[in-house]
Amino acid sequence: MYNDIIAALEQAAKDDSVITVFTGAGDFYCSGNDLSNFTKIPEGGVDEMAKQGGTCSGDHQLTEYVKAYIDFPKPLVAVVNGPAVGISVTVLGLFDLVYATDRATFHTPFSQLGQSAEGCSSYTFPKIMGNAKASEMLLFNKKLTAAQACELGLVSEVFPDSSFQSEVWSRLKAYAKLPPNSLALSKQLIRSMEKDRQGQTLRQDSASTNQHPSDHQSARGEFKVSRCFSRGQM
Amino acid sequence: MYNDIIAALEQAAKDDSVITVFTGAGDFYCSGNDLSNFTKIPEGGVDEMAKQGGTCSGDHQLTEYVKAYIDFPKPLVAVVNGPAVGISVTVLGLFDLVYATDRATFHTPFSQLGQSAEGCSSYTFPKIMGNAKASEMLLFNKKLTAAQACELGLVSEVFPDSSFQSEVWSRLKAYAKLPPNSLALSKQLIRSMEKDRQGQTLRQDSASTNQHPSDHQSARGEFKVSRCFSRGQM
Amino acid sequence: MYNDIIAALEQAAKDDSVITVFTGAGDFYCSGNDLSNFTKIPEGGVDEMAKQGGTCSGDHQLTEYVKAYIDFPKPLVAVVNGPAVGISVTVLGLFDLVYATDRATFHTPFSQLGQSAEGCSSYTFPKIMGNAKASEMLLFNKKLTAAQACELGLVSEVFPDSSFQSEVWSRLKAYAKLPPNSLALSKQLIRSMEKDRQGQTLRQDSASTNQHPSDHQSARGEFKVSRCFSRGQM
Chain A
1 MYNDIIAALE QAAKDDSVIT VFTGAGDFYC SGNDLSNFTK IPEGGVDEMA KQGGTCSGDH
61 QLTEYVKAYI DFPKPLVAVV NGPAVGISVT VLGLFDLVYA TDRATFHTPF SQLGQSAEGC
121 SSYTFPKIMG NAKASEMLLF NKKLTAAQAC ELGLVSEVFP DSSFQSEVWS RLKAYAKLPP
181 NSLALSKQLI RSMEKDRQGQ TLRQDSASTN QHPSDHQSAR GEFKVSRCFS RGQM
Chain B
1 MYNDIIAALE QAAKDDSVIT VFTGAGDFYC SGNDLSNFTK IPEGGVDEMA KQGGTCSGDH
61 QLTEYVKAYI DFPKPLVAVV NGPAVGISVT VLGLFDLVYA TDRATFHTPF SQLGQSAEGC
121 SSYTFPKIMG NAKASEMLLF NKKLTAAQAC ELGLVSEVFP DSSFQSEVWS RLKAYAKLPP
181 NSLALSKQLI RSMEKDRQGQ TLRQDSASTN QHPSDHQSAR GEFKVSRCFS RGQM
Chain C
1 MYNDIIAALE QAAKDDSVIT VFTGAGDFYC SGNDLSNFTK IPEGGVDEMA KQGGTCSGDH
61 QLTEYVKAYI DFPKPLVAVV NGPAVGISVT VLGLFDLVYA TDRATFHTPF SQLGQSAEGC
121 SSYTFPKIMG NAKASEMLLF NKKLTAAQAC ELGLVSEVFP DSSFQSEVWS RLKAYAKLPP
181 NSLALSKQLI RSMEKDRQGQ TLRQDSASTN QHPSDHQSAR GEFKVSRCFS RGQM
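Protein chains in written order, with the UniProt record's numbering: chain A, 1 to 234; chain B, 1 to 234; chain C, 1 to 234.
So here's chain A without its partners, still in its complex pose (with noise of 0.2 angstroms):
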């Protein structure tokens, strides 16, 4: 999953489409497909949960999984159809734009599985609102709402479920048709002066034992990649 996703930004990056976006195909945003089973600790307790949780996915993996994110040279829009857990959720401070609907959640329950946030989240959350928020979400694993991860900062805009697709993909199609190298240069000109402590803090969460495992899957859906041309087509 960690690969397709990488190898669909690299495709985004190189082609002609102006901006990118990510969704779930069912009635999750990302479920996170093993998580649940990780609220059972081992024989071997936290250290051996983790260790468990690391063979699903490498470090090696994760780190270049998040670094696609970091240097995805143009818009890249998050659409959340539904409730979002793990990495999907830490990983949105590297989105340029996320919308989501009413019924979306927010959701990184490390801590209570033994483990610490990823995704550059320990430095992308404090940043977008505040430590004594940041600290809520990332080590007492609080559930946001949708209304209040806007408030916060970590969603753009919150539309109401029944009209979230047709409202959300004729904005994305209006959006596609802007200048493409405006839209890129202006993203490159904001994300520069970030590059370089978002790359340290990965090194950070990669040097750190307990590493989240590969929830990175639409339980109940698909995760798909979609990217908006200037010409409409999708």
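FYI, nobody ran anything at the bench for these hints, they're computed from the structure. Please note that the accuracy of each hint is not assured.
Stated by the list, open to error - Dumping the calculated DSS-like pairs for lysine-lysine here, alpha-carbon to alpha-carbon at most 25 angstroms: (1) Lys143/C <-> Lys177/B; (2) Lys143/A <-> Lys143/C; (3) Lys14/B <-> Lys67/B; (4) Lys173/B <-> Lys142/C; (5) Lys224/C <-> Lys67/C; (6) Lys173/C <-> Lys142/A; (7) Lys177/B <-> Lys224/C; (8) Lys142/B <-> Lys173/A; (9) Lys143/A <-> Lys177/C; (10) Lys14/C <-> Lys195/C; (11) Lys173/B <-> Lys143/C; (12) Lys14/A <-> Lys224/A.
Given chain A's structure and the hints, the job is docking chains B and C onto it.
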């Protein structure tokens, strides 16, 4: 216009005024005098358009202009008396206080014009409001109301238009009675940590070819720089 | 007082407690014991006033005090049980969670006293809330309500005063059952990126001559440091 403001800031830095105030003198804070011309893309395309924009103000002048804000040693206040467009909005992140009438709007339609954000906004806006909100403004041309800008932290406080001038100026007169050295020192402590990054942002903005044209003029009203002295005169 | 808190933090860092909690023991969180004395400007003016302030606590002691917060390796929680003034407010940006009763207020009247903000607030406050809001507090002495502080991200959550103690402590007892290593690791990941800048801010604060006096005492109530252990005792 740029040079006039640079000169006014240099003078205010040296005299015994306590705080320095920017405001528009008509219905608009800064409407941008020629932005509409740029929506007609010339034959040479976006690059040519950017070059034409470049003829209005050299890159060097724009850099010096933004630097004058970054280096200003005393509290800098924006009194946003109406709609604000372009660089008058992007430099707001370099102000210490931003007071707005509820009639004010905040608009940075750069990508729409084949240009990219300047005024250090690629650094200050994500810092103030997070990327998911900053991109709406800087990449996707979202126009904010005064209330929205206040919620995101770009504006300190919003006032009803009917009492805007009297409320704001009586408050500023009171602030000008605070110990001037303490105010300046506090501002410099706050800003010193950011100067390196703002200088770096400025060099990147300047290196980007799509420089923004000179729109820092109040088309329907003159732009004013006032100084508040501790003894009450402006 | 400073040394007592430093010692308490050093002990809590080493023992097997999971999270560490600050609270005031009376009606106030920290009222500042002698701030009112400083509103009378002495004959020598602001400089003299600052010097007098300096006699209450050496610069070195203040630096060590703030450093104790920066370096603290476990989750640090402020239970703000009433009005908070001065350095008890400015260090809040170094806490991981801030819970406040709706009776709490947050006030940093430094410039009014011819002094400048400390406790790393010149770095943490702009990061949390943006400069346009931080200046209102740090330069222009705005006193925040609990709700305002929560909206700006300085406070994690506000509780009705009638149920404040019971709600907060039952929540903290539950948090203390989370895997301690995971909590500490997550906190350290979050904070490690900031330590350099906070250390730099601390040196600048210390170099500034207008140091803040020792007001970290609860005039009408004692300041308490509690530790929460995973087995429930406090």
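> Under the criterion that the straight-line Cα-Cα distance not exceed 25 angstroms, is the pair Lys173/B, Lys143/C satisfied?
Replying inline: Holds. Lys173/B to Lys143/C sits at ~19 angstroms (cutoff 25 angstroms).
> Would the pair Lys143/C and Lys177/B pass a check requiring their Cα atoms to be no farther apart than 25 angstroms?
Replying inline: 18 angstroms, holds
>> What's the verdict on Lys14/C and Lys195/C, does the C-alpha distance respect the 25 angstroms limit or exceed it?
In response: 20 angstroms, holds
> Is it true that the CA of Lys143/A sits at most 25 angstroms from the CA of Lys143/C?
Replying inline: 30 angstroms, violated
>> Holds or violated: Lys14/B and Lys67/B, Cα atoms, limit 25 angstroms.
In response: At roughly 16 angstroms apart (the allowed maximum being 25 angstroms), Lys67/B and Lys14/B satisfy the hint.
> Has the given pair, Lys143/A with Lys177/C, been kept, meaning a C-alpha gap of at most 25 angstroms?
Replying inline: 18 angstroms, holds
> Is the straight-line distance between the alpha-carbon of Lys14/A and that of Lys224/A 25 angstroms or less?
Replying inline: 18 angstroms, holds
> If you draw a straight line from the CA of Lys177/B to the CA of Lys224/C, is it 25 angstroms or shorter?
Replying inline: 37 angstroms, violated
> Is Lys224/C within 25 angstroms of Lys67/C, Cα to Cα?
Replying inline: Since the Cα atoms of Lys224/C and Lys67/C sit roughly 19 angstroms apart, the hinted pair holds (cutoff 25 angstroms).
>> So if I understand the rule, the pair passes when the alpha-carbon distance is 25 angstroms or less; does Lys173/C with Lys142/A pass?
In response: Distance of about 15 angstroms is within 25 angstroms: holds.
>> Just to be careful, I want the Cα atoms of Lys173/B and Lys142/C compared with a cutoff of 25 angstroms; is the pair within it?
In response: 15 angstroms, holds
>> Check the hint pairing Lys142/B with Lys173/A against an upper bound of 25 angstroms on the C-alpha distance.
In response: Distance of about 15 angstroms is within 25 angstroms: holds.
Against the hints set out earlier in the document, violations occur for numbers 2 and 7.
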